[in-house]
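Each protein sequence line maps, in turn, to chains A and B.
Taking the working numbering as reference, the numbering of the first sequence is continuous, increasing by one, and the terminal residue is 316.
Taking the working numbering as reference, the numbering of the second sequence is continuous, increasing by one, and the terminal residue is 1295.
If you're looking for bench data, these hints aren't it; they were derived computationally from the structure.
Since the structure is predicted, the reported quantities are computational estimates derived from the model, not experimental observations.
One or more hints might be untrue.
As the list claims (entries may be wrong) - So these bits of chain A aren't anywhere near chain B, every CB distance computed over 10 Å:
(1) Thr5
(2) Leu9
(3) Asp129
(4) Gly166
(5) Arg224
(6) Pro236
To be verified - Looking from chain A toward chain B, a few residues come up when the C-beta cut is under 7 Å (computed):
(7) Val15
(8) Met149
(9) Leu153
The beta-carbon is built from N, C-alpha and C at its ideal position, and this holds for glycine as well.
Residue-level listing of the chains:
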Amino acid sequence: MLRYTLRRLVAAALVVLLVLILLAALVQILPGDPVTLMLGPRADPALIAVARQQMDLDSSVPAQIWHFLVGVVHGDLGQDFLTKRPVSELIGAALPHTLILATVSLALAVVLAVPLAVVSAARQGTWLDRLLATASIGIISIPSYVIGMVGLLVATVWLGTLPAIGTGSLSDPLDYAAHLVLPTLSLALIWAGYLARLLRSSLLEVLGENYVRAARAYGVPEWRVYCQIALREAIPGVVALIGVALGDLMGSAVFIEVIFTRNGLGIALYNAVAERDYPIIRGGVVVIAVLFVLANLLADLANRAINPRLSEEAVR
Amino acid sequence: MTPETIQTASVAFPRSGPGLIRRIAGTPSGVFGLVVVGLLVLLAVFAPLLAPHDYTKLDVEHRMQGPSATYWLGTDNLGRDLLSRLMLGARIALQIAVPAVAIGVFVGLLLGLAAGYLGGTVDAAVVVVLDAIQSFPAVVLALAVLALLGSSTVNIVLVIAVAFVPSFGRVTRASVQSIRRLPFIDAERNLGAGPLRIIGRHVLPNVVAPLIVLTAMNLPSAVAIESGLAFLGLGVQPPTPDWGVVLSDGFGRIRDSPWPVLWACAALAITTLGFTFLGERLRDVLDVRTVGNRS
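All chains should be built: construct the whole structure from the sequences, respecting the hints.
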């Protein structure tokens, strides 16, 4: 287990390093460097030189990456060129909102998926099963920003009941939760559909096993067959996907945060991109990479803890 | 691909051509997929001829209107006909999504073949690279790269293509590995067949079916990323009537007129649904088990 964890960590570090190299190399290769993009082509050469020096663009690519990594170890992600604020402070302020958004959405997706999966597995092959299958495939394929946009239209423009715009404040949990409803629903529906499909097929697999038939023959009530036997076997498959799901949700969060003008990492990145603010882009991308890699690692380890039968090879 | 391999391929999966289309149309969702994808291709080719109005023509007097007899879907904030803009948008969506996925298939196929067939170090290296690409939300990477590269059409296509290499690479690698272990490949090799013959005659035909299904399922994601990037202002730029552009134009004035957002959302939803249902149906018809719903 320890060897396996170490191997995963090395692979994870490699991923983050690759992303850093890609970004630094892109900046180096491109004709227009971030400074010119930001200050415009007619900026004062002296100012450009200062900015380039501040962004460490005059060093070679390996040196840039080394300097950045040394900074990261000290909790320093660089400095925002426009406001002179440390990037770590900016990201630190935005990150909790995105993490809350992503985890609540995922939890909501699981809560929605389990009953859907149980119903379709129990009514396998009926019109209800087919209807749910079509509905979930449909919802999986629709982009999350389309769902968010339609949700925004329905809820605010026509109904006007829920606060749709903004983040709310964490000091007022009820208000914060109200602001979360629409964004999390927009993100959760897709994964609810996907997880429901996945759970349904693993449920059916378990329900076909001999020991389930035996349990039924002994008169174990149906709800216990589903909740205590089948779901327990089917859930690990979901755990393995949590890493991927969180990564996907962090990506979709960019859209959702823009649509609902929510504070968060996604909208910070979006604004930085609009201003071509390289230090924030680099910091944000690296933080997302680290988070995603960590989530995958944790999901992987959790899955192996739940399910010791998985050999190292089978995890592939 | 040579005609020879296509013949072998038709052994690996059921009849192609009209027979295949008839079988896809065997269920309502299959019909839906065929009709939507067919319409999209038709629009992509003939949009300028079919569009009722000039998509750039301003009719400021009738701006931000709902559906009417002249403007079937209404007009946008500058009084441009929404229907015509969305019809042209279908062409732009496919112009970016199709090459992006095609590059993804090509690169993924090459990497997957190399990894699966050669094994060992090559395999390990390819897996690490695919992992690295996949362990990153495609949208975030695209945002960062396009912000630095600038959003030309070529850049958009390439950035989206990168996101699809891993899924194609993985499916190819898995198919190759499962075939390579079969005894008849050993027999063939002992008879003196080189790697090119083995890959061309036995491996490729068996990879074709899963790749077709995966392509149908990845195309809607490519359209979604493309429009999403345009919505964020980093993809196709206005005034090109991309769906994402229509969406972002309408989004800024959503309280004045919901129609642009509504119709652009409908176009995106119908397109993604069409491709996905077609992909699902193809998977059933071609009997492919190895392809998941999501890459």
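Results for each hint:
The claim that Thr5 (chain A) lies off the interface holds: its Cβ sits roughly 16 Å from the closest Cβ of chain B, which is beyond the 10 Å cut-off. No Cβ of chain B approaches the Cβ of Leu9 (chain A) within 10 Å, the least distance being about 13 Å, so the stated non-interface status holds. Residue placement check: Asp129 (chain A) keeps its beta carbon more than 10 Å from all beta carbons of chain B (closest about 14 Å). Against the 10 Å criterion, Gly166 (chain A) stays outside the reach of chain B, whose nearest CB is about 15 Å from its own CB.
Distance check for Arg224 (chain A) against chain B: the nearest CB is about 30 Å away, which clears 10 Å, and the non-interface claim stands. No beta-carbon of chain B comes within 10 Å of the beta-carbon of Pro236 (chain A); the shortest separation is about 17 Å. A cut of 7 Å between beta carbons decides the hint on Val15 (chain A): the least distance to chain B is about 5 Å, and the hint holds. Taking 7 Å as the C-beta contact cut-off toward chain B, the hint placing Met149 (chain A) at the interface holds, the least distance being around 6 Å.
At about 5 Å, the closest approach between the beta carbon of Leu153 (chain A) and any beta carbon in chain B falls short of 7 Å, and the interface hint on this residue holds.
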